[in-house]
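Just so you know, the protein sequences line up as chains A and B, in that order. Okay, so the first sequence: first residue is 730 according to the numbering used here, each after it adds one. Okay, so the second sequence: first residue is 363 according to the numbering used here, each after it adds one.
The set of hints was computed from the structure by calculation and includes no laboratory data. Just so you know, these numbers come straight off a predicted model, no measurement behind them. One or more hints might be untrue.
[What the hints assert, rightly or not] Within a straight-line C-alpha distance of at most 25 Å, the following computed DMTMM-like cross-link-like pairs (lysine to aspartate or glutamate) qualify:
1. A:LYS945 / B:GLU468
2. B:LYS941 / B:ASP1160
3. B:LYS988 / B:GLU1028
4. B:LYS1199 / A:ASP1117
5. B:LYS1199 / A:ASP1126
6. A:LYS874 / B:GLU468
7. B:LYS1199 / A:ASP1018
8. B:LYS988 / B:ASP1193
9. A:LYS818 / B:GLU1239
10. B:LYS476 / A:GLU1033
11. B:LYS1199 / A:GLU1120
12. B:LYS941 / B:GLU1046
13. A:LYS874 / B:GLU935
14. B:LYS941 / A:ASP869
15. B:LYS1194 / A:GLU1120
16. B:LYS1300 / B:ASP1160
17. B:LYS1194 / B:GLU1028
18. A:LYS874 / B:GLU916
19. B:LYS941 / B:GLU1068
20. B:LYS476 / A:GLU971
21. B:LYS941 / A:ASP885
22. B:LYS594 / A:GLU1033
23. A:LYS750 / A:ASP932
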Amino acid sequence: MHPNEHALHNPEFLWRNPDPKPSYDVVIVGGGLHGLSTAYHLARNHGIKRVAVVERGWLGNGNAVRNTTIIRSNYLRDESAALYEHCLKLWEVWTEELDYEILFSQRGVLTLNHNLHEVREGHRGMYSNQLNGVDSEWLDAQAVKEFCPIVNTSADLRYPVAGGTLQRRGGIARHDAVVFALARAADRLGVDLIQGCEVTGFDIQRGRVTGLVTTKGRIGAGKVGLVGAGRTPLLARMAGIEVPLQSAPLQALVSDIVEPMLPCVVSNALHVYVSQAHKGELVMGAGRDPYTSYAQRGSFHILEDQMAAALQVFPIFGRVHLLRTWAGIVDVTPDASPIVGITPVEELYLNCGWGTGGFKATPGSGWVFAHTIAHGAPHALNAAFSLDRFETGALIDEHGASVAVH
Amino acid sequence: MKRRPSGGLLDRDRALRFSWDGRTLSGFAGDTLASALLGNNVSTVGRSVAQGRPRGVMSAGLEEAHAFAQIGEGGATEPLVRSTGVELYEGLVARSLSIRGVLSPETDSGRFEKRYAHADVMVVGGGPTGIAAALAAGLQGARVVIADEGPELGGALLRDRYLIDGRPAAEWVRAAGLMLAGLPEVRVLPRTTAFAALDQNGIVLAERVSQHLPIADRSGLADRRLWRVRAKQVILATGALERPLVFPDNDRPGIMLASAARAYLHRFALTPERIVVFATNDDAYRTVFDLHDAGVVIAAVLDARDEATGGLPRKARQAGFEIETGAVVTGTIGDQDGVLQAVRVARLAGGGERLVPCDLLAVSGGWDPNLNLHQQRRGATRWDDRLATFLPGAAVPMQTIVGAANGRYGLNDCLVGGREAGLAAAAALGFAGTVVPAPSAGDEAEGEHASVWHITAPDGDESRSFIDLHRDVTVAGVTRALGAGVRHVEHVKRYTLIGTGVEQGRSAKVNAGRAVAGGIGLDFAQVGVSSGRPPAEPVPFALLAARSRGALFEPVRTTPIHPAHVALGAVFEDAGQWKRARYYPRPGEGMSEAVVRECLAVRNGVALMDASTLGKIDVQGPDSAKFLDRLYTNRIGTLKPGRARYGLMCRLDGVVFDDGVVMRLEPNRFFVTTTTGNAGPVMEWMEQHLQTEWPDLRVWLTSVTEQWATVPLVGPRAREVLAPLVVGMDLSKEAFPFMAVKDGVVAGLPARVARVSFSGELAFEVSVAWDQGLALWDALLDAGSAYAITPYGTEALDVLRTEKGYIIVGQDTDATTTPADAGLEWMIAQDKDFLGKRSLERPAMQRTDRKGLVGILPDDPGVVVPEGCHLVADPNEATPMTILGHITSSFVSPSIRRSFGLAMVTGGRARVGQRLYAPMMNGAPAVTIVDPVFYDPKGARRDG
Ligand SMILES: Cc1cc2nc3c(=O)[nH]c(=O)nc-3n(C[C@H](O)[C@H](O)[C@H](O)COP(=O)(O)OP(=O)(O)OC[C@H]3O[C@@H](n4cnc5c(N)ncnc54)[C@H](O)[C@@H]3O)c2cc1C
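Chain B extracted, bound-state conformation (with noise of 0.2 Å):
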């Protein structure tokens, strides 16, 4: 196409050079990447998927099917982007795409955000009928968002001639503009495609803040920003899309819709020379006059209708232009590159064929309302025999659907039914402020749309007759899918991938529905066409996750303590998204050496490490004990204010869930420890069951994890260490005894101190605020410096707990392990009923096969096997093995001298004194099943 020297929307001013392959070419501001191509005479922008043929620009919008580009460089490319939608800048790198998209290793320095706001009316899309609801709405009062993919206001106003109010429509959108940037509660979101429609009226918009600058000028600026708005009232003026027609070489660059022929006169001020308009609707004719205006030769005007009446093939008519009714175009001709020089144009009726010369064909087959958003949501669509197109059922709740996107193709409608519905969902709301009068502009009467979007090949060869132009597949693609057996069309796409390209086969649904059934005989409205699926516009992954990328991912926890760890030069562990101290390895040691100076330090002297991130649920109210007494399987209820019990709960199915102490505070007040990772969903589980099955219940519950930093003081030395600490704390085993609580203070800190230990030693596990942790931290190694106290971490718990046989829920437990398999039957009261009760009766609970918790000593008392082997009889038996349990906890006991571990095997310690092995790639040693407490089993330390 020419460029004309003037017109078009765009800034001469400014003219752009951007690279196309490699090759530098020049644009305008204003340009799209397509019509900057086509204005630099490239005609073919790529090469189609299957059969490789050269394709061009067929559209100016959404419809495109063949451009699609490969923009930016470096980090930052992007695969398959639509021509038709990129604004050119300054610099702007492309590159034409065969077939498949390339991504880019290298750092990307694009940011994408994301927004929420609230609205009252949504409306989405930014043409006449747009404008016109978001300005009734907004000027009644209402918050309006009103958004448009492109870069202003305007829609299919931008691309046509029409007069509003007897003035060109361009200078009413330019006063509804100012009036719409005047109003306070309106935001208008220009280049702001919405792409998702959830339920609840959420609508997801993508607004491109900085795509269409030139790199140098985006610093500081989001890439792209993802809006989601929840709104009260959603107005669907998403417009029409104009529909390819399907006939021999149907696919040669050259060929483009007849609206886009206008769009890029009018926008971009590009020209054919001479050009064939092939309509079956009357808005084609559109095409006729504005590029006759321009100066283009009319070659041939052809309408597959057997009488053109309306209003528009009547002036033409009377302009002089021949129209040909019940003419159609049955193949195309291409020079060497296969670009449109000519078409073969015939009657309908029959006869001859003739050869026109052109170098663009302008098509329409009709219009489709564009109605993927109400698609979304489950709208329903109905068959409209005029329009010959599907038209919106009944809208979902809230919404309407109004302007061309309801059938209504007329600018006057337009104006009129988007002002109705912006003052309807003003009105839905209780608003009640300016109405101004309906613009208007003449409409004129439209013929019925001619129902042909096939055109047979003359030979009979529908391999060139492209229904699905993006993904190549044609009239014999769907033939034969029909021959196949194949009826319905989501068969029909899966056979042939009709719809399945970027583009979501937008401009081939209609047609295939068509072919499907016209090839079974069937009635159109029952065939259908292919559901539509979101995202509207494809939008790339990394504006889904806007900021939760790198650290930001999600949020790191770390206790008051944490500077103290890492001064110590601590290795930490993820836990959940907790870090929690691993070992602190002094100068030259390893993590086994570091574990064992901790665990002994806990053993012989005097240790303390950082147990805050345990979950804390303060528990209140009258009924606090009868509730704890059902959720927990031991007796929680009889515990005396100021003691402590080990608690346990099932889930309804009777396996063990966690595990914790729960402190009575006072008659009505319980503090519950959870572990670590169990916090949020023990919280979650007391709620659920005090809100849905127990709410007569007089209990409230507040997670308080974050509001107690917990430093348990461990060792035969602690109580040394703690008392010139405390004030007016007797600290002596008969009046501290273990398990007891006692608030007072610590260091000058006001602190809760329990006696309750995860090691055997004797411990003071003192609370204080949270953000006085640190302060305690420091009091308490200042006052055992004296007594070389030990940092230690979760490593050396892990050890010093698996020596006394204490389990770790969810490692020495899984999803089947109940109590009893835990070894810890006797916390389950028989007295009284708890959650999970009634399941640990039946009878596979029973069982005694099942698997229970051991110990088990390797028979190299230097070999530590793995966690996680499993355990078999015999070690030569063939795969698939009979397994009878496997290993859940083995380390090195620096108190025993020797590797040791925990597992669960069946039959649990019917076993103690077997020799099993543990079979893997490179060996089975064996090792032999003992009682699971290893230290201390009379528990006489616990006293100090």
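Same shape as in the complex, but just chain A (with noise of 0.2 Å):
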């Protein structure tokens, strides 16, 4: 496609710019894609009204547009495959849904394996998922090559490719469209989103929340949402909740415009993960820095690591120009997994923890976080992601398993 052709997709009308009312049913604070997806779906699944969301920079100026894109299903555990496959499903009906060029293009994730352990842990995941009905097949290296015939497969490598797991319905799709296509939907919904407004404290009262204290004023609520990924903990904190996350820069970058040559999404587990976007630049994704920060800057030895580990697998990438990098906040709980449910605090309920790989999970996630808020209690697909299982140590880990962290 042409490479500016997407931004004449963009419609002719996005969304109000309301100021706030003084009070609705449900404020969502975040206008990230859970944000959004979740005021979304509340409008949409259980025909809330009055519904608002907060947010203190500009819609998406977190994760959301700063991600890698990408989106697979194949996760280890069953609670997670379940609850990725249906956000899977929903991509896959989204455009339509949502009327609206997202560029969503199931291109295929290709895991790639490079010695025993990594080969026999990619097996296990692919097995779980066939039997938990999420497609996944192995291939050798020499199908690797034949799938994707830039990689290097040379039994020269410092780590030969062994072979790989695919996720052929798994791939990619626009950030910034997302955001758009989400956004205008709640609007036409009549969600308010409320841009530069940022919550700086809770009401509650008995145990209850009652409203919000934000730079534009006082808003009364009668169900909170935390949807405030990498900042949760700041959020958390003012309603008095400690959840058990660590927020840590998470980089990424893209090259200039080249030819088509990536047919599909590549990771492996010298933490490289990287697709060529619609336009031609290729996106590559970084580890995560290995301290706490709110920062959204990254070390550069990570870039540098990762470059090498991406010419390992694709040398010729060796010319390519690295443009732009950034980096995001993300909000990594210990067991790797998301935290949707409820709070001690009554009527106030917190969607965070999808770190690292929360992308792939926007319209699930607020699928089922609207369906929490809505019953006030949490769906079967989100039940086992509650808060409390770090207190019992019910623990959904996904660490060992996904030796990616997209």
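Reconstruct the complex from the two isolated chains, following the hints.
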């Protein structure tokens, strides 16, 4: 497709820019993808009319537009597979439902394995996926080469490619377009999108939330959903809730625009994950910085290491240029699974901890969170992802399983 | 444009041939690709991305939005290189690009490398400001690094006719360069771009080492070099960038920045025939003077300001130029190729248009300080009305922004400011050396800059008034975005793609911000511009990877015994960075035959392996026992000197972290082994707790992984083989029982011998100094030759330990497995605390339906069910199926002569006796759940 074409897909009208009303039935804090998706589903699935999203910056300014847009559902644990597969099924209908060209492309996500241990874990994931109804297949090195010819499968590599697992239904979408699409859809359903409105405190009376203190004044709320991604610990603290999150920078980058050459998404345990966007630029993610921070910039050596790792697998990328790098603050839980559910404060709900991999969850995250808010109790799909699992120990560990951080 | 017969900074004696889109053209040494193209009358250098409009060179530097080319051939071909920064060389091959760059699958012979440097003062930019700063600091004795992206120092001085101390500026530059070269602590880096600014004054540079040389002359040289400089003080003398103006058809070949027209004259001796100068500030008048003096016809001088009262406009009037104030370009006309032929001129106040023929339109929309590096550090900017641009707010700590980068455009200001910054930086670091007087130049009083940026299309059609020339975004595009409800510049960027091109929309940003502000009736200062992100200039991926390519990607770690494995024809596996022998095939053997032979040798004769990769930590100090008791789930403190114990560690969440053997050598000294993969993590874990949690403990740790080579000698004949090699060491089971450790001499080498076993057989684990490992191996092989001693690899070890039901952490366990899940509840001491204990008390950790370690026997003894297969009770259930667990280890056992394995299943051993299924795409083999110990369950064999 033409490099500028998707700019032309943007519709003539996106959203109103309303002032906040004195109160709403539900206020969603955080105008990232998950906040917008939640608001959209509150209106669409549950018919709740008076909904607002309050956003401290501009819609999507956080991880929503900083991520590498990889979409897949091949998670290891049964609970995760069910939730992410629900998300992927929604992606498959979203272009039509949202009536927006979000450039969702199921080009396949290929996860390379470079040693015996990774091969064993790769197979474990694949078998688990297959039994969970998630498409997954194994490609040996030869098949990898055929599927993605620019992968270096030479045996002379420092860590030769042993093979990989492929989820053909995985892929990418255009994050900016998803922000626009969701915001427009929510706006059309009457949701007030209030930008430049930072939440600085909560009104909590006898254990129940009744409103928010914001930079645009007090806003009354029957229910409040916190969807602050990396800034969740700060928000939760305002409500007196401790969340087991570590916020750390995760970097990504784009190259200049080159001829189409990478037909799928490729990732591996060397912390490279790369795809070629529709315009033609390579979009690449790196490992997470090893320290906690709210500064949206990462360490340079992470980029250096990542490039070295990328050129192992893709020597052809040597002379492509690094054009822009940036970092987002990811909210990582001890078990690398999200927290979606109720909190100790009545009518205050929490959706966070998607960490390095929540873009793919955008549709389902909002879908189950809206259900949770509307019913005051979680949906079956997110019941296991409760905050109290860190007290009971019923963790949903996705660390060992998914070698990649996306 | 035409090349003048003389002049410019060219070496006329060196004509260079180069190829452009397959045509052979020529230029001179000193040309850039852009100037060489202009010199050959190539006015269209590419097509625009969206509308396919012809585009020409519009700048002589960083501002360039059009002239990007594919440079070089074969594996070294590089896409989207800015032609205004490419030095011409003999044989250069370049192609115009239509939108997308091309990469080559061929091998790239270019080498990229890295250097690291510390500086007292890092000066970024080698124009007058930077030179003055570097000189001042350097003369004070400071260690200075000064970098400039050009091939020589001088910056803006190279394109203008300034006088310094009454003499041509070039003379001052030359003299300053010589002085800098004479200062031993000063490093001048030409052809070097600072592209990233990191926390704590890290500056990352890209140096073009040989890119400007003909290919044949590059051998032995790096292509580019990445410098990571850590500086105590940073002086940003990065200058300012000229901004284009927005009007209908403002993108034609033949329209360029006013300063670029001077650069092409003074540096490259290129002139148009008739020029129109369209100014919004005084600097553009230099173009009028200089081009006029070079014989160019000044067809019109338009100044968008109501009045032009600064020094330069006044001079221009005095010199007889007709200056039209309040006049602007309202459109341009091109020939059949779209190249500029004439401009439409009108007064802002209204009235008719007139047509002015010309072949060059020089525009100046004003100047923007080049603040990318400042912004990378989150440095603030503030709008300045007088200069109509964003100036830096306060500099970040230990940095100074001077000269044009600080909005001080006058040359004298730059020289004085640079010198002061250099002196101040050196003084702040305690230097006090020579101070030379400041050079001086006479600055003209400058008038205000016009706030005009956009000339409305007379016919209202704003779809050819380009704001982002690179990405083809017009005023109409921005208007459309605003109409959609978009307000923030970042949304406008994402809606229109402004600023997403290779040049990061450098020359588009301010105009984009103004378009937004104008469109929604806000103050521009509030709207701002979209943020700059690193890198300031694009750099190839290969530069960041540098030498970490191919075999040098990561070090290969081998043990001292490695040559012996190679000689034996071992097949290796990667275990982290280590190479480990997986099996030793004999002629005609595949892996399975070799593994069976190796296993049987262990079980029935004698065998040896290289276990040197195991992590080893020497733990010393009076509190060592207390310390280890807190780390391990089982009791360590009760261990007697000379004895060893299997130890298990948990993470804070109660999950199994690592296992190994703990030996007590002396009351206050332990020797701990870890798994190969966890050598680093365990060491870190220990240090972390010693340093941050229990600093009161007197314990000292030393990693000795690469101090000891370790060879287990295993099998019923092991004692017989070892006996003749030891001196004064009683190997009998009474004198040297299981889990005893002795120091002594083996094969003439000082050695530590431990009776530990991971296979269930009699085993003596012999450790010697790392560099004696091979001698030990050879001696054991030699001594065992009469017993058909057999080397065995990790694959056989895996089978042997699985037969015994011994787990491998990370294979049979994962990040959810507790000690009890792994069948190791007996290792949890009830009477002490340890890391992870509290987590193990949580309700979910106590449930009886947790996954637990079991053995499996496939119904078909000839079928090895693949590791990773999941187990279900009903193979015919529809997906998603009810998963009960998965197979963690699966092999053929030479000892029980059938397939077998280990699995983690819900309920663990409560399922012993049940039949489960392992569904795969091609069938669902049945397995029976059994006890996980398949061989010698009583442990009768370990004493031999
Ligand atoms: C570099 C990088 C690469 C990634 N790659 C992938 C990938 O390939 N695939 C994938 O699935 N996921 C990926 N992710 C993760 C994904 O981006 C996130 O999990 C997801 O975007 C988080 O949800 P969100 O969009 O709602 O978050 P955000 O966009 O961060 O939304 C949170 C919002 O809350 C607002 N907010 C915070 N505090 C307040 C307050 N006090 N008042 C008002 N508003 C507030 C913030 O301004 C922000 O807009 C990546 C992340 C990063 C950083």
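>> Output the indices of the hints that this structure fails to meet, ascending.
In response: Result: hints 1, 7, 20 break, sorted rising.
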